[in-house]
Amino acid sequence: MSSCRRASIAAATLVLGLLASAAASAQATAYPGLGRAATPKEVQAWDIDVRPDFKGLPKGSGSVARGQEVWEAKCASCHGIFGESNEVFSPLVGGTTKDDVKTGRVARLTDPAFPGRTTLMKVPTLSTLWDYIYRAMPWNAPKSLQPDEVYAVTAFMLNLGGVVPDDYTLSDRNMVQTQALLPNRNGMRTDHGLWPGRSIGNGGKPDVKATACMKDCATEPTVASFLPDFARNAHGNLAEQNRLVGAQHGADTTRPPGAAPAAAAAAAPPMADSKASAATAAQALARKHNCLTCHGMDSKVVGPGLKEVATKYAGRSDAVAYLAQKIQAGGSGVWGPIPMPVQTLSADDAKAIAQWLADGMKR
Amino acid sequence: MTFPASPSPPGRLLKAPENFISRDGVRTVFSQAKAGRRDFMRSAFAAAVAGTASTAALSQANPVPAEGGDPHILNLPAHTTGLGQGVATDGYGAPSKFEKNVQRRQSPGLTQTTQSSVSFAPLQSLFGIVTPNGLHFERHHQGWWDIDPSKHRLMINGSDEQMVKRPMVFTMDELMRMPSVSRFHFIECGANTGMEWGNVAVPTCQYSHGMLSCSEFTGVPLKLLLDMAGVDLKRGRFVLAEGADGSSMTRTIPMEMVESGEVLVAYGQNGEMLRPENGYPLRLVVPGVQGVSWVKYLRRIEVGDMPWATKDEAIHYIDLMPDGRHRQYSSIQECKSVITTPSGGQVLLDKGFYQVTGLAWSGRGKVKRVDVSADGGRSWKPAQLQGPVMDKCLTRFSLPWVWDGKPALLQSRAVDDTGYVQPTYRQLRAVRGTRSIYHNHSIQTWLVQDSGEVKNVQLS
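In the order they appear, the protein sequences are chains W and Y.
Under my numbering, the first sequence is numbered contiguously, ending at residue 367.
Under my numbering, the second sequence is numbered contiguously, ending at residue 467.
Same shape as in the complex, but just chain W:
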C-alpha cells in the first residue's frame, strides 16, 4: 500500500509538474516558436540605463582631477575646455550660482534676457548626466568610457559649474548627496496635460482654451512679425524649393521684392551629379568621415575651415603626404589649442582628401 501510495503521489506530482510547466509557458506559447528567453549575460550587455533612483548605476568613482584629464582628451574638442562651447553643441556649463545650489532653482531661467540655457541650468537629475555620458559619449565613440571615467567626467562638469569643490570624488556611494546639490533639481513641473496617460500630470486637461468663433471675431489683424528683407534669401532661393509647375510657384528670393528677376531659375538640384569627379568624391569622403563636423568648408568651426587649410599648404610640395598624415593622426598647436583627435579613416581615404585639399579643393 505504501508503495502504491508513493506511486500515486509520484504520479500526482508528475501531473502537477506538467501543469505548472504548461502554465509557465502558456504566455510564451501564444505564438509558438517565436522569441526565446534572454540570457542574463545578454540583458547585462544592453541594460545599461540608470534611473533617477540610481537603479542600474554601476559601482565606481572618479575625481575632479581625473575628470579634467578625460575631458581634455575626449570632450573638449566639441564642448570647449570649460564646457562653454557654443560652436558645435549648446554649452554644458554656465548660468548657475551658489544660490541656485542652495535653492535647487536656477534663478536665471526666470530672466528672458539671459541668453541661452546650459545643460547645468536645466538638468534636474544627476542620473540623467551619468546615464547619457555612459551610453552616448564621446560623440564619435559612444560607450567607450569606463564607469570610473564617467564618474570623473561628471564630477569635473559639476566642478566647472561650481557645484562641487576641486578635491571632490564622485562615486556610487555619494550620488544621492550630490543629487541634492544640483542647481535645477527643483526646476521641473509635471502639472500639465501633455502626458498621454494618468501616471503623470493632470490627466490630460489642456492649458489653453480657445473658442471657434466664426464671424465678427475679435482680432488684431496687424502684422507684428515678419522676415526682414535682408533675410529674404537666408534659406536659399525659394524659387528652387518649389515645384516648377503648380498653382503657385516659388518666389525668386535672389532678387529684392518687386525687382526684375534673374534670367534663369529652373530646377537646381542640390544633390551632386551621379558621375562624381574626384573632387566631389573627396568631398563626400570628408562628409562621410565627419570632417565637416569640426571643419567648415570655408571657415572655422572648431578646427580651421578646409579652404583655410588648402590655402595654407597650397605651395608646399609635400602637401599631400603631410596633410594625409595629419588627417589620420590629428594634432594640435598649428591652428589653435583645441586638439584634433586621432581619426579612424583608411590611408587611402586620408590621401584622397589630402589630394583634394592640396589641389585647392577645385571641382
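Honestly, the hints are just simulated from the structure, not real lab data.
Hints are supplied without guarantee of correctness; some may be wrong.
[Claimed, not checked] Sample of chain W residues at the chain Y side, in silico, Cβ under 7 angstroms: (1) VAL127; (2) TRP199; (3) ALA255.
In this text, a Cβ means the ideal position worked out from N, Cα and C, and glycines have one as well.
Take the given structure of chain W and dock chain Y to it, following the hints.
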C-alpha cells in the same frame, strides 16, 4: 476677397513665367490680356525667352500665339514621335528629373553638425496625406545607420527581476512572423514650429512645419510582445524604449498606451520597409506623441515602475514656462493645422480662383473640423475635410477661394473630436510665454501681398 458658396467657374490662371519677365511686365500682361490685347504678351514672352536657354520657361506660358496655336501642341515633341524607354531601366524608380526642387532640406544655421540635426519635409509640394518615404523628415541624434536586419535583435526585460517573468529576445524574422497591423499615423517632432515661438524666423511652411510626416506603418502591437514576456502590469506602469544607434536614444512611454494596443513595434512604412533614416529595420510607433518617442533602430524595451528622466526627458524636450520652471514629460502633440498652398515663399500668379488646402492633425484623436480665414481671423468658413479622417493622422482640408488681388491674411484653425480648438499665438503665449521651444501648435498666418508673393507673418 470672397469665398464662393460652391466651387465657382474656374478662375483664369495664367501660368506666367514669373521668373523670366518683370513683375510689372506680368501685371501689364494680365491687364492687357483681359483687354484682349495679345501682342504685348507675345513680345514680353519673346524678350524673356531670348534671355534664357531654358525651354522649360516656354512651357510655363500659355499664350495663344499668332500662328494660331501653341507650339507645344502644333509641333509634336520627341516623346510623341519617338520610342520611349523599356521596363526596369531602374529597379527602384525615382521621381521625374523635373521634380528635383522637391527635397527635404536643412534650415541654415539651425545646427552645427549634420549628425545631430534635422531635415524638413517639403509640405508645400505634397498632396493628400501620405509623405513619400524619401521625403519623410529626418531627426538624428547621433547620425543614421543602415543596419543589417539579420543581425538586429529586440530585447524585452524588466527594471527588476519581478517586473517581467521571462526577459525575451526576438529576431526580425520572428517579429515579422507575428500578427501585424497597418495603420496611418502622423509623426511630428516636439520642436516643430519651435523656431517661431518668439517671432517669425523662417520663410516657408517647409521650415515652419516640415518636421511633420505621415505614413502607413506596419508592425506588431507591443502589447503582444509584453504579454509573451509576462509583465507585472500592476507595478509596471512605465515602458522605456531604447535605440541601437550611438545615442541609444531612450524615452519613457506610459503603459496605458501600450495596453490600448496602439503602440507598434514597426518595420513597414508605406508598403516597404522603413528607410534607414527613419530607423530601419525597427522603430517604435507611438501615435499622437512627439517623434522623439518613436525610437528608431529599436533594440530594447524595459518595463519599470517609474519614468527614467533620460537626456531627452530632462535636458531636451522640456518646455520652459514663464515661471522659470520646465514642463517635464510633455509628450502629446495637440490639435494643429497649417495651410500648405498657398504658403510662405510662394507667388500667386494672378487674381482669380485658387484652392486653399492644408493639413490638420491632433495627437488626441481625429480632426473634427477645420475653418479657414482670409481676413486674419475676423471671419471664418468651414473647410472640406478629405476622407478618410483617421485617428492621430494627417487630414487634408481644402476650400475654394477667389483672390481679388488685395492683401489677404490666410489662416486655418483645427478642432479635434475632444472639442479642443487650435489657439492663436496670443492665447498660447498668454499661458506658455515665448521660450518653450517645444509644442508650438499656434494658428499659422500667411500674408498674401498685392504682388502675389506670400509671406510668413505673425499677428498681435
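These are the hints, each one checked on the structure:
Evaluation of the W:VAL127 hint against chain Y yields a held restraint, the C-beta minimum of about 5 angstroms falling below 7 angstroms. Interface restraint check for W:TRP199: the shortest CB-CB distance to chain Y comes to about 5 angstroms, inside 7 angstroms, so the restraint holds. The closest approach between the C-beta of W:ALA255 and any C-beta of chain Y is roughly 5 angstroms, which is under the 7 angstroms cut-off, so the hint is satisfied.
Going down the numbered hints, you'll see the structure goes against none, and every one checks out.
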